[in-house]
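**Student:** Kindly produce the complete structure, drawing on both the sequences and the hints.
Number of protein chains: 4
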Amino acid sequence: MSKKIELKIKRLGKCSIPSPIPNHLPPETKEEMFVDDEDLICTCHFSRIDQQEKLCGSVPEFEVAGPRELLYFDPSKTRCGIVTCGGLCPGINDVIRALVHELWLVYGVRRIHGFRYGFQGLAAKYGHDVVDLDPDAVDGLEGRGGTVLGSSRGNQDPIDMVDCLERMAINILFVIGGDGTMRGAQAMAAEIDKRDLKISVVGIPKTIDNDIMYLDESFGFPTAYSIAVGILNAAHAESKGAPNGVGLVKLMGRESGFIACHAAIAMSDVNFVLIPELPFKLDGPEGFLEALKVRLQKRHHAVIAVAEGAGQELLDGSGKDRDPSGNIVLKDIGTFLRDRIKEYFKKINMEVNVRYIDPSYTIRSVPSSPQDRVYCIRLAQSAVHAAMAGKTEMLVGRWHGQMVHVPMSVATSQRKKVEIHGELWRTVLESTGQPPVFK
Amino acid sequence: MSKKIELKIKRLGKCSIPSPIPNHLPPETKEEMFVDDEDLICTCHFSRIDQQEKLCGSVPEFEVAGPRELLYFDPSKTRCGIVTCGGLCPGINDVIRALVHELWLVYGVRRIHGFRYGFQGLAAKYGHDVVDLDPDAVDGLEGRGGTVLGSSRGNQDPIDMVDCLERMAINILFVIGGDGTMRGAQAMAAEIDKRDLKISVVGIPKTIDNDIMYLDESFGFPTAYSIAVGILNAAHAESKGAPNGVGLVKLMGRESGFIACHAAIAMSDVNFVLIPELPFKLDGPEGFLEALKVRLQKRHHAVIAVAEGAGQELLDGSGKDRDPSGNIVLKDIGTFLRDRIKEYFKKINMEVNVRYIDPSYTIRSVPSSPQDRVYCIRLAQSAVHAAMAGKTEMLVGRWHGQMVHVPMSVATSQRKKVEIHGELWRTVLESTGQPPVFK
Amino acid sequence: MSKKIELKIKRLGKCSIPSPIPNHLPPETKEEMFVDDEDLICTCHFSRIDQQEKLCGSVPEFEVAGPRELLYFDPSKTRCGIVTCGGLCPGINDVIRALVHELWLVYGVRRIHGFRYGFQGLAAKYGHDVVDLDPDAVDGLEGRGGTVLGSSRGNQDPIDMVDCLERMAINILFVIGGDGTMRGAQAMAAEIDKRDLKISVVGIPKTIDNDIMYLDESFGFPTAYSIAVGILNAAHAESKGAPNGVGLVKLMGRESGFIACHAAIAMSDVNFVLIPELPFKLDGPEGFLEALKVRLQKRHHAVIAVAEGAGQELLDGSGKDRDPSGNIVLKDIGTFLRDRIKEYFKKINMEVNVRYIDPSYTIRSVPSSPQDRVYCIRLAQSAVHAAMAGKTEMLVGRWHGQMVHVPMSVATSQRKKVEIHGELWRTVLESTGQPPVFK
Amino acid sequence: MSKKIELKIKRLGKCSIPSPIPNHLPPETKEEMFVDDEDLICTCHFSRIDQQEKLCGSVPEFEVAGPRELLYFDPSKTRCGIVTCGGLCPGINDVIRALVHELWLVYGVRRIHGFRYGFQGLAAKYGHDVVDLDPDAVDGLEGRGGTVLGSSRGNQDPIDMVDCLERMAINILFVIGGDGTMRGAQAMAAEIDKRDLKISVVGIPKTIDNDIMYLDESFGFPTAYSIAVGILNAAHAESKGAPNGVGLVKLMGRESGFIACHAAIAMSDVNFVLIPELPFKLDGPEGFLEALKVRLQKRHHAVIAVAEGAGQELLDGSGKDRDPSGNIVLKDIGTFLRDRIKEYFKKINMEVNVRYIDPSYTIRSVPSSPQDRVYCIRLAQSAVHAAMAGKTEMLVGRWHGQMVHVPMSVATSQRKKVEIHGELWRTVLESTGQPPVFK
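Taken in sequence, the protein lines are chains B, P, S and U. Using our numbering, you'd call the opening residue of the first sequence number 1179 and step up by one each time. Using our numbering, you'd call the opening residue of the second sequence number 1179 and step up by one each time. Using our numbering, you'd call the opening residue of the third sequence number 1179 and step up by one each time. Using our numbering, you'd call the opening residue of the fourth sequence number 1179 and step up by one each time.
Hints in this document: simulated from the structure, not taken from any laboratory. All values reported here derive from a predicted model rather than from experimental measurement. If a hint is listed, it holds; no wrong ones were tucked in.
Listed next, the in silico DSS-like pairs over lysine-lysine satisfying Cα-Cα at most 25 Å (straight line):
1) P:Lys1186 - B:Lys1232
2) U:Lys1182 - S:Lys1232
3) U:Lys1303 - B:Lys1471
4) B:Lys1498 - B:Lys1459
5) B:Lys1459 - B:Lys1509
6) B:Lys1524 - U:Lys1509
7) U:Lys1181 - S:Lys1181
8) P:Lys1471 - P:Lys1524
9) P:Lys1509 - S:Lys1524
10) B:Lys1498 - U:Lys1524
11) P:Lys1520 - S:Lys1303
12) B:Lys1476 - B:Lys1459
13) B:Lys1595 - B:Lys1498
14) U:Lys1471 - U:Lys1524
15) S:Lys1303 - P:Lys1476
16) P:Lys1181 - B:Lys1181
17) P:Lys1303 - S:Lys1520
18) U:Lys1181 - S:Lys1232
19) U:Lys1303 - B:Lys1524
20) P:Lys1181 - P:Lys1594
**Tutor:** Following this line, the structure appears as structure tokens:
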């Protein structure tokens, strides 16, 4: 059998306070509703041992998320903070709202603070105000784009931030952010540990690129690719609207091309998808430009979806600079491709009309879809259950449809990518009809 | 350990024809892309044996869906039929389109026929024409509401239908429909078996109510509840627009209240959700009407989402008639509730303004969301892979995110319901603040 | 030349207070921006006198709306009320918000009250609270469905209502409502006059049916018919989804079929439009049912849009009861048609599958479209300009694209209808291909 | 009285063929439905002569559009062409579809050709194919973005194009395009005249910028600004999502800022609108950057909508190059502003987070709104009525809500602009609260 690795979550201490949840429910359900810390799920669901070994390798086992019968924190005395970090993503406000609802209405917590502008809000030097949150304060947030708390990129000094938590007597900090943010949260947790404080740090993973490991899908991602479908439709109309029209769309996806792949599958008129996972060549008889020429000669229009992280190897000086979140500053593959396409067809004396669209923020700042909203609520509820039970240094995730607890260190250890040998990419190839590689 | 039940799928015979799929893909991926019939997934993913026993009981194991290295049918000589049955659902056209694309573009099948108007299209007595399908014929279908083939309720005589398949020399029949339809398909498969024919019957499960077992979510369901969110918003506006306004919305959900639950969670201003799984009382101090009165006295407006199958026990003569699909004809809980509410408040002399909305077909005939579309394509691809490998009497499903093969008999054996002790219903209770039961 | 009728608006008194508007604008624009009471527009724009006589008859001339250089009310001492009456309509909240913005931000009025639940809010016996309105209070209202003030049907005793205005020292009452409401407002104005009070009553006409005279289009109407297009699309999908499917949609339109006509033109797959302006017969060789049969025999599906006020002459007992707004309670032409169609095809032994959709409130409680929103803002601004200049017993309108002042008595004197000999109906006939009459 | 200028439309010859329209209509309407060439509307609708003189100057009078009782062309022998030129705009496909419907279904014309890729399609050297159009060919086009015929920029040699018309024996050419296109059409008409051919050239004005004179609103413009509202919402979410966030959106509007103005009014959270009609300064105490700083200091976020043609005077080298349509190639005010803002705040050492959005093609390639669609149909019908009556060198327009005929020379003589002293700009200033000028 595969080597199973129990990924138990760190707990601040023994739980002894009865959960108030049963008060809201019919008596007969009490027994069935609570989740036990010993409930683990196996991330490999293949039946046969040889398959497990072949397909899953060593197998992490996650704690099942959900309400615990006994709590570590006494709701009536608990003070919580919420902070949202990094780039925007549809659904952040839904998560904030659901955290407040679960804390206030279900657990009875009455002290909830929102930190402004990401980790800046926890660092004294910025002097950002703190917002008190209650159900009235978050009314009307459902489905609204952006984050009502504001955000910022980059981590702050963990010492400053834990000073802030200590000064404000925060018991639980909910951190909504991506993997850079989670590394910041880990640093904070280490500092908390060092000071021997009883502060729980629980993350809700946010990544519009859908690239966090052990999360079957990230919130906001489906909304984002749905919006991208509309952009691709516009590009398709543009491409058919001019002789040899080329609709070129740059989509989000720094290291993982999930948005480009899903949008292209859902939209069905995309002819080329370029993603970071698969390097490509522009020139030569099996290069991209030749394939584009063939397509245009045959059909007189083409639609291209390129993920922002694709083809970085083609760009001079790529990979050097970093933004405040520690992400590599990507060179602009969109305008580069646009220019190279124009240049190539000029050289071969063939009319081409490139319509370049960079929707940028317009696919990440939109309202969340109802389906995303339901997921955001589940994530927030799971985070509250975990935090009230004293869990820390973890984030909530969904694996095989089941809400789970994932240690922060595991989630940030690597990045989820589009499997070039997998079903998703095969479906993209079928949908676009593009050559498997441009070499 | 729990008793595992291997649910192997019936196969028409030995597979010996190499799949053409690798031709479209880079050589190095060939090995990794095929799925083996011995690949099974375990439907219980809990790690500890005692949990498995407690939470899963006996555990079915499903074949993993995906392309097989060897096929039963020779693509160049295969003739396929597609039929869509029962009520409309967002995404049917996406499934049809993706079946045609996968068959034609990937496997190279050149004979694909669409039967019109459900099983009627296979029964000689109706004389419906048959439609030839190819990529051009299904162009522009993505995201379009309804079914381009038409549908009908009810099963036809399996002898007539298999006569038709035999006469037309159909090798594979794809059946898109709900559990009544799948029972019809099973009858056909039995007749095929009796005649010792080599015809594969593969189902793609369609149920807007999300009530098919061993399917973690049914296609079209997320689109449907997203539309329902808009209806509930209108009901909310109406309820606030009049003194003691009550926005009452009847939503689909014959035996399972998934649409009402999900829409209410996503929309967040619903105050009462009534579903078939939980009988309720109208009168008495803990009845629904009293709770509604209390709500109106406090907030002067209320929104109610009632699933069409809820409260049937309150309605005279319920449960007697059946429609052509064999479904019980439900009595109208919507107008019943509307009238009972008006009557009650008239009696206690309190102004009430009930705005009743029955969106009926408008939530099932809409275009599919991009997210649903991606799922429809995956379902269709899995169905084609299975059928080409000679699998039969099965339907494709998704379990814990993994595409699987489910024997028809297993899928139709029972119906998926909202667990009253589970997370979904608890979230509804939290979101609405309604009493756990009306008794 | 045609007889011109100058429709001058009643004014409470002489204007002597300089408008504060120029303070917000560049000095050089002052001269050009004000409108004079002597600026009139002629409602007949035909050039030749004989055309004027033939096509326009006697010709009303309206005052041009817009800011006046001198005001009657001193903004710093003015107290305003806003009330919304009758059925909901997209855009009401936009009007409320724009009234508050114009009063507060442009004129500097600091006392604005919202009456709850229509005219009930002005009648002491209901005891509804009054809401204070300022820019913060109306923040986020743009594009939201419903009315934040609530509404009710029916007029209250003008004596009670004027008592309320007098007691609260209201100077200006803005009334948003339909023609029943405007008659109530006229009664109030008469009572104000009798008491010799200086209270201005200014209406903003609201009618989802687009049936108010001297208003080229009513706010909310375009949003409503746009929503109806989506419903008709669902009906079309349904009609094609079953053998001889009939998608039957009942749309708003009590006495005027504008919504049905516009939605059918925009949607283009409607085969029959039935409106109140054109009585029709069901039976007989030139009746509607025969035409429907011919259509089904030819194309096997049909879509019908019927306005709620159509065919009332076919319904027993029609025209007797009245609702609290004084409107005749219409009999249900939708279910009547549905049943008669089923019955007819049963008799002639032809399968028919009627899918009846009554979207009811879902087309009137939706958010306003951006285009409607711009119009709502213009209406509200015009109303404020007029009221501040002491105009009363008038409503704001748009005629030939120009914002104007219309005396209440003129606006309520008759109802706008679809001209059976006009371009709109001819376009419907062309779009549907239906026979010109069913006789 | 103002000097009236009768703008009669050139006619190819005497009309003698009875219109077939009455065949589709009830007999009693025949008399009332036809429009006479002597029916003119006066573009100035002010009543008093002094107002007319002051406000309208010399007053054009337009022919009223609509069906004529007698036709110049015999429908059974008429051959028509349709060409779409210039940039895309929502609704082009609706116009094409409605032209075909009106010609085919109402007039019975059976020879309709679509030229591909704008005027290129009429010039022999490009060799583009010609598409035959009938109701089936345009089925499903309603509300689809782009143009099914394709388009191109720039005019071709009128001699080549008229050669093509002559060779193909085209009787009527419908030209859908902007003012550059209309100048090309005029050149064609002059060449036709020179050759003494009987070919009617009728334009349907297309300008997403809403800048054609004597057209109260251009088709596609409302859809475009509605889409822009969504973009501005994203910018607003972005601006609130970061400390001192600035959402900067570049919108279409080369010489007229109508899209920016309307979108800003409808969206209501825009703080600065910059349009071509009003030059502005960046620096200095009353410059734009100082105003932005004040705004950020007060509210910590700002939204800016800048029309692409705004501030060209600030950009080096602006106004020199021209594109193939003859339009001046604008310098990029968007990136210029973005960079200048960053630079300015860096210099004053104040954190600022500029989120720049250039939605470019995504607001012009979208499906038309239902309201736009109705208008497109009216335009197309009017164009067909005019052309069948032998009118030429004209375009159809709407003035004060009335469909009219406008001589091409008049429509292209000048451009419609946002009146800085008018109601629209005043509403923008009220909505944004921005200073009247940046000087």
